[in-house]
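Since the structure of chain W is already known, use the hints to place chains L and V on it.
Chains as they are written, first to last, in this note's numbering: chain W, 1 to 153; chain L, 1 to 153; chain V, 1 to 153.
Treat the hints as calculated values from the structure; they're not laboratory data. Incorrect hints may have been included.
What the hints assert, rightly or not - Calculated pairs, DMTMM-like style, for lysine to aspartate or glutamate (alpha carbon to alpha carbon, straight line, at most 25 Å):
hint, chain 1, residue 1, chain 2, residue 2
1, L, K99, W, D72
2, W, K99, V, D72
3, W, K139, L, D94
4, W, K21, L, D65
5, L, K21, V, D30
6, W, K21, L, D13
7, V, K21, W, D13
8, L, K139, V, D94
9, V, K99, L, D72
10, V, K21, W, D30
11, L, K21, V, D13
12, V, K21, W, D65
13, L, K134, L, E71
Here are the chains, one letter per residue:
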Amino acid sequence: MNQPTLLTSQIRDVVFGKDVKVVQPVNLYDCSIGDNCFIGPFVEIQSNAIVGNRTRVQSHSFICDGVTIGEDCFIGHGVMFINDVFSGGGPAGDRNAWKKTIIGNGVSIGSNATLLPVSICDGVVIGAGAVVTKDIQEKGIYAGNPARLLRRL
Amino acid sequence: MNQPTLLTSQIRDVVFGKDVKVVQPVNLYDCSIGDNCFIGPFVEIQSNAIVGNRTRVQSHSFICDGVTIGEDCFIGHGVMFINDVFSGGGPAGDRNAWKKTIIGNGVSIGSNATLLPVSICDGVVIGAGAVVTKDIQEKGIYAGNPARLLRRL
Amino acid sequence: MNQPTLLTSQIRDVVFGKDVKVVQPVNLYDCSIGDNCFIGPFVEIQSNAIVGNRTRVQSHSFICDGVTIGEDCFIGHGVMFINDVFSGGGPAGDRNAWKKTIIGNGVSIGSNATLLPVSICDGVVIGAGAVVTKDIQEKGIYAGNPARLLRRL
Numbered sequence: 001m002n003q004p005t006l007l008t009s010q011i012r013d014v015v016f017g018k019d020v021k022v023v024q025p026v027n028l029y030d031c032s033i034g035d036n037c038f039i040g041p042f043v044e045i046q047s048n049a050i051v052g053n054r055t056r057v058q059s060h061s062f063i064c065d066g067v068t069i070g071e072d073c074f075i076g077h078g079v080m081f082i083n084d085v086f087s088g089g090g091p092a093g094d095r096n097a098w099k100k101t102i103i104g105n106g107v108s109i110g111s112n113a114t115l116l117p118v119s120i121c122d123g124v125v126i127g128a129g130a131v132v133t134k135d136i137q138e139k140g141i142y143a144g145n146p147a148r149l150l151r152r153l
Numbered sequence: 001m002n003q004p005t006l007l008t009s010q011i012r013d014v015v016f017g018k019d020v021k022v023v024q025p026v027n028l029y030d031c032s033i034g035d036n037c038f039i040g041p042f043v044e045i046q047s048n049a050i051v052g053n054r055t056r057v058q059s060h061s062f063i064c065d066g067v068t069i070g071e072d073c074f075i076g077h078g079v080m081f082i083n084d085v086f087s088g089g090g091p092a093g094d095r096n097a098w099k100k101t102i103i104g105n106g107v108s109i110g111s112n113a114t115l116l117p118v119s120i121c122d123g124v125v126i127g128a129g130a131v132v133t134k135d136i137q138e139k140g141i142y143a144g145n146p147a148r149l150l151r152r153l
Numbered sequence: 001m002n003q004p005t006l007l008t009s010q011i012r013d014v015v016f017g018k019d020v021k022v023v024q025p026v027n028l029y030d031c032s033i034g035d036n037c038f039i040g041p042f043v044e045i046q047s048n049a050i051v052g053n054r055t056r057v058q059s060h061s062f063i064c065d066g067v068t069i070g071e072d073c074f075i076g077h078g079v080m081f082i083n084d085v086f087s088g089g090g091p092a093g094d095r096n097a098w099k100k101t102i103i104g105n106g107v108s109i110g111s112n113a114t115l116l117p118v119s120i121c122d123g124v125v126i127g128a129g130a131v132v133t134k135d136i137q138e139k140g141i142y143a144g145n146p147a148r149l150l151r152r153l
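This is chain W alone, in the form it adopts within the complex:
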């Protein structure tokens, strides 16, 4: 009988700001989390991700390598970020092929939303269950699969 190598979710090499709250279990490593942030349970945040001050990351969300989230953002439950768009027909063997995501300040992302590698400007609202496939440069509410502007803010 083969036995697997068992690793355990952990908090490793994370740079925390002041007054951060984390609800375990989580898997956070090599990332930066600003002042007064909240990180809910069952969250994974990977290397090189940056979460700005006063941003809340709710349960079940996944923030991948290459994502920068601004200040005063709200990341709902079950939100998934993506850095590899399988442009060669499958996973990029080389992490240099991973793409970056930049989320501005005061952005609110609804639960179960999915974000391809994009830039989103300040103050945008992404509806629950939306799939964001393109950059968003105008403040407004976006929803659907693929996400489209519902109304300006």
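What follows is chains L and V alone, placed relative to chain W:
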């Protein structure tokens, strides 16, 4: 180096009915769970949520404050409920602005479905991956983003 | 006060190949996981599921009873498989009514994708957030809800 405040997922101040099974880890607090319910792993259920008798909540689901689920329901995996629709362009600062969800009896909700604050009548089926944005008052199968009636039952 | 029966996520009766890595917590039981696989945190894999050699299953995914995944596949984060389509208007009481899913080799499935019981041929890419409702027999990139062919590969 700042250290975060570490909290841990738990079962706190939950009113359980008879013969409930819970698969840990879960984060359940200040909520009510009826007789003969099943709660799978990696589930979060918040304050003031009510889960009716014989309802099953599968892994990875999130039930928020203000949700009432009837009896004999099936909540699939990765189902997310929502109480704050960011109507002011971001999270409501005041929980009095949160909206309620009422799920009837015998409702089945497919995996990865997302439910905005709505009322759903008895016996409805919500397809996997659906995003429910409006009340449902007719028994049937609903799917898509936004969810639409596929066929009556 | 009633007390629930508390079970705990575990690794039970799993047949592992060589050099598998698993990041706990996970809930894996009665399933088969091939050589050189990776299983991320917060993953559930149920009885009778088969995961082929060198396939990676990322965090938050759920693989149900009746799913067979080929070799060299990438299962993203928050991917949900389904075996019960509620064809009688709710959960099948009888597991013989559950349907099977067959995923070929070299298939890449984007994060937050949802898969109804289907067959998918080798080399397919499923976009993030897609809801796959039909068999896929042609190599290509499929996305949307319901998933449609975006382009051939």
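Checklist entry - Among all the numbered hints in the text so far, which are the ones the structure does not match? => result none
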